[in-house]
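There are 2 protein chains.
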Amino acid sequence: MKKIFFTPGPSQLFHTVPDHIKEGINKDIFSISHRSLEFKKIYEACVYKLKAFLEIPENYNISFLSSANEIWERIIHNLIIDSSTHLVNGAFSKKFHDFAIMNKINATEYFYDKVEYDVDEIEEDELIAITLNETSRGIMCDSNKISSIRKKLSNSLIALDCVSGIPSIPFNISDVDTFYFSVQKCFGLPSGLGVWIYNDRCLEKNKNISTKKITGTYHSLENLHKKSEKFQTPETPNVLAIFLLSKVLDDMIKIGKDRIVRETNYKSALLYNTIQNHNLLSEYIKDKSIQSKTVIVSKTKKESKYFIESLKNKNLIIGNGYGSIQNQIRIANFPSHSKESVELLCDELTKL
Amino acid sequence: MKKIFFTPGPSQLFHTVPDHIKEGINKDIFSISHRSLEFKKIYEACVYKLKAFLEIPENYNISFLSSANEIWERIIHNLIIDSSTHLVNGAFSKKFHDFAIMNKINATEYFYDKVEYDVDEIEEDELIAITLNETSRGIMCDSNKISSIRKKLSNSLIALDCVSGIPSIPFNISDVDTFYFSVQKCFGLPSGLGVWIYNDRCLEKNKNISTKKITGTYHSLENLHKKSEKFQTPETPNVLAIFLLSKVLDDMIKIGKDRIVRETNYKSALLYNTIQNHNLLSEYIKDKSIQSKTVIVSKTKKESKYFIESLKNKNLIIGNGYGSIQNQIRIANFPSHSKESVELLCDELTKL
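Residue numbers (the numbering used here), protein chains in the order written: chain A, 71 to 422; chain B, 71 to 422.
There may be inaccurate statements among the hints.
Below, computed lysine to aspartate or glutamate pairings styled on EDC-like, alpha-carbon distance capped at 16 Å [as the list claims (entries may be wrong)]:
(1) 73/B to 93/A
(2) 73/B to 108/A
(3) 382/B to 108/A
(4) 382/B to 98/A
(5) 72/A to 98/B
(6) 110/B to 299/B
(7) 382/A to 274/B
(8) 92/A to 108/B
(9) 73/A to 98/B
(10) 73/B to 98/A
(11) 92/B to 188/A
(12) 92/B to 93/A
(13) 73/A to 93/B
(14) 92/A to 89/B
(15) 72/B to 98/A
(16) 72/B to 328/A
(17) 222/A to 274/A
To give an idea of the chain A side of the interface with chain B (calculated C-beta under 7 Å), a few residues [unchecked claim]:
(18) 103
(19) 122
(20) 125
(21) 126
(22) 223
(23) 226
(24) 262
(25) 288
(26) 305
(27) 306
In short, the hints are calculated from the structure, not lab data.
Note that beta-carbon positions come from the ideal geometry of N, C-alpha and C, so glycine has one too.
All chains, please: the whole structure from these sequences, using the hints.
Structure below.
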């Protein structure tokens with residue numbers, strides 16, 4: 071049996087990816103000029119499908135960067151002058167906050183130790199950073215919570231980190247001004263592409279900021295946006311990744327976002343159920359309302375290595391706890407993980 | 071016949087690339103964690119082979135970024151406080167200069183209109199930026215010239231842009247403190263990876279600068295270097311590109327750098343000869359000592375479209391003049407272009 075990767079990203083490739091890569095090679099996509107009409111058509115198609123699939127409203131724009139790390143840095147340079155507020159509930163939301171501090175931004179972090187945040191305590195700021203799905207600890211942000219933050223803080227820009235959330239965890243796009251993801255999580259693609267979506271309010275704010283501080287060079291929001299309007303990138307981009315994203319979007323559009331969400335819910339219920347009923351496992355996040363549907367984190371009563379190695383022998387690859395965290399395992403539940411593969415994983419977990 | 075791409079990058083894939091991608095898919099390389107031992111081994115092997123193949127001295131280090139554009143920005147943030155000197159002879163060297171200006175660096179540009187620069191006129195500065203091969207105009211910098219700049223300016227950091235030069239155009243690495251390239255040119259790979267090589271003097275200078283200004287976040291030189299020492303990248307990188315670079319290095323090491331340089335010279339002589347003997351073509355750069363061996367630029371007496379379209383009908387894809395330049399064609403001569411394919415191109419050019 072071929073290995074199945076349940077690691078939280080890079081993860082299992084979406085099953086159509088090998089064929090799409092072959093098609094890309096056969097059609098010379100990786101040799102064409104990034105200034106050619108042919109590339110512009112690929113770019114345009116990818117953006118069009120992203121907008122259709124994710125139901126992105128008209129006043130939102132899309133640019134391609136290299137990683138979510140890069141997008142954090144570009145948001146800080148392009149959308150914040152003095153201060154930002156970060157709802158921190160794990161290593162990635164913390165990192166965004168730390169990047170802001172490194173850039174001399176007066177960045178406030180809320181509730182590092184609690185898993186939930188209380189909307190009432192959050193005040194208006196230049197930018198509020200929220201994480202749809204905190205990959206490090208498996209914590210999800212409910213879409214109603216995002217809506218209530220939007221409602222309370224109408225003057226702030228709201229940025230939503232959707233790295234391991236889109237398209238499996240729904241939220242109302244109009245509740246946020248900017249959101250972003252990288253393709254090696256729920257889109258099941260090789261890593262090396264970050265997708266940044268921003269609305270006209272972001273562009274407006276950026277115009278103001280550009281006169282006050284250095285917002286970057288080739289990847290300033292102004293430059294990114296100017297190029298994106300011509301279906302181009304400022305630099306020679308990861309053409310392969312943009313092509314693959316466009317092709318996988320075709321596949322996902324055929325399946326339908328609703329079905330992807332439904333199957334995500336079903337598979338996550340299976341996984342949490344297996345963990346609950348296991349003598350050696352217990353859910354790391356107890357509160358059902360914030361348990362991640364895409365990155366399932368379990369505490370282990372035996373060394374996590376026991377589970378990781380035992381499953382590896384069955385060609386099932388799961389993740390360890392984030393960073394140096396011991397006695398935890400993490401299991402990804404992305405669209406590339408079929409119901410059958412999750413059922414198989416649950417069966418094998420149960421035997422341990 | 072399959073198309074052959076002589077465009078100056080992205081260009082023809084190195085002939086082994088499709089097989090390497092297949093191997094990557096079969097071995098699940100694009101699913102493994104970028105924090106896994108398996109990835110670290112790929113990273114380490116890639117760096118080891120780069121050092122062996124390019125004969126990089128001990129005191130030089132290697133980090134992986136996204137593009138040469140990014141490396142320009144990181145050099146400006148990490149190696150320059152106040153001022154830099156740019157030997158500008160085309161659009162790309164000009165762009166690096168402009169990036170410095172955007173970052174409020176007092177950046178001097180030398181000899182924009184001339185094709186050659188006179189070493190005597192260049193003064194010591196924090197950083198001297200030279201371009202080994204200016205892709206936009208097909209101008210090469212002779213290695214002796216770089217040596218004489220190094221000799222004259224011992225207190226400056228010297229940065230060499232090797233984007234479309236390495237490994238086809240030789241130079242003495244110890245003459246420069248930092249150099250960089252992207253993989254879609256001479257390495258015949260899909261775009262989306264920049265390779266930055268810097269010596270200990272750069273690290274020393276960076277230590278000083280870090281206390282004085284913001285040098286970045288995830289891709290500050292300090293952070294890049296710290297991670298590279300553990301064979302890792304700060305962010306989830308373009309794993310596919312690092313894997314492919316490592317595999318193509320195996321192939322190129324087997325061929326040998328000397329043979330690659332020899333064949334580059336032979337093929338460029340063929341191309342320039344064809345242009346010289348053509349009624350409708352003439353070399354854009356007349357001075358043999360600075361004619362690029364890897365990007366051959368020709369003026370055209372008929373519209374460049376005539377040549378581009380006629381050759382396209384024969385499945386030979388060549389480039390237009392850079393940007394909006396009319397009546398020019400550009401032909402890449404990279405290791406991925408076999409002698410036979412260049413001979414074929416020359417034959418077809420001669421018929422026009």
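Here is what the structure says about each hint:
no.	hint	in the structure
1	73/B to 93/A	holds, 15 Å
2	73/B to 108/A	holds, 15 Å
3	382/B to 108/A	holds, 14 Å
4	382/B to 98/A	holds, 14 Å
5	72/A to 98/B	holds, 9 Å
6	110/B to 299/B	holds, 10 Å
7	382/A to 274/B	violated, 44 Å
8	92/A to 108/B	violated, 25 Å
9	73/A to 98/B	holds, 8 Å
10	73/B to 98/A	holds, 8 Å
11	92/B to 188/A	violated, 49 Å
12	92/B to 93/A	holds, 12 Å
13	73/A to 93/B	holds, 15 Å
14	92/A to 89/B	holds, 10 Å
15	72/B to 98/A	holds, 9 Å
16	72/B to 328/A	violated, 41 Å
17	222/A to 274/A	violated, 21 Å
18	103	holds, 5 Å
19	122	violated, 25 Å
20	125	violated, 27 Å
21	126	violated, 24 Å
22	223	violated, 25 Å
23	226	violated, 22 Å
24	262	holds, 3 Å
25	288	holds, 4 Å
26	305	holds, 4 Å
27	306	holds, 5 Å
Figure legend: structure checked against the earlier numbered hints; hints not met, in rising order: 7, 8, 11, 16, 17, 19, 20, 21, 22 and 23.
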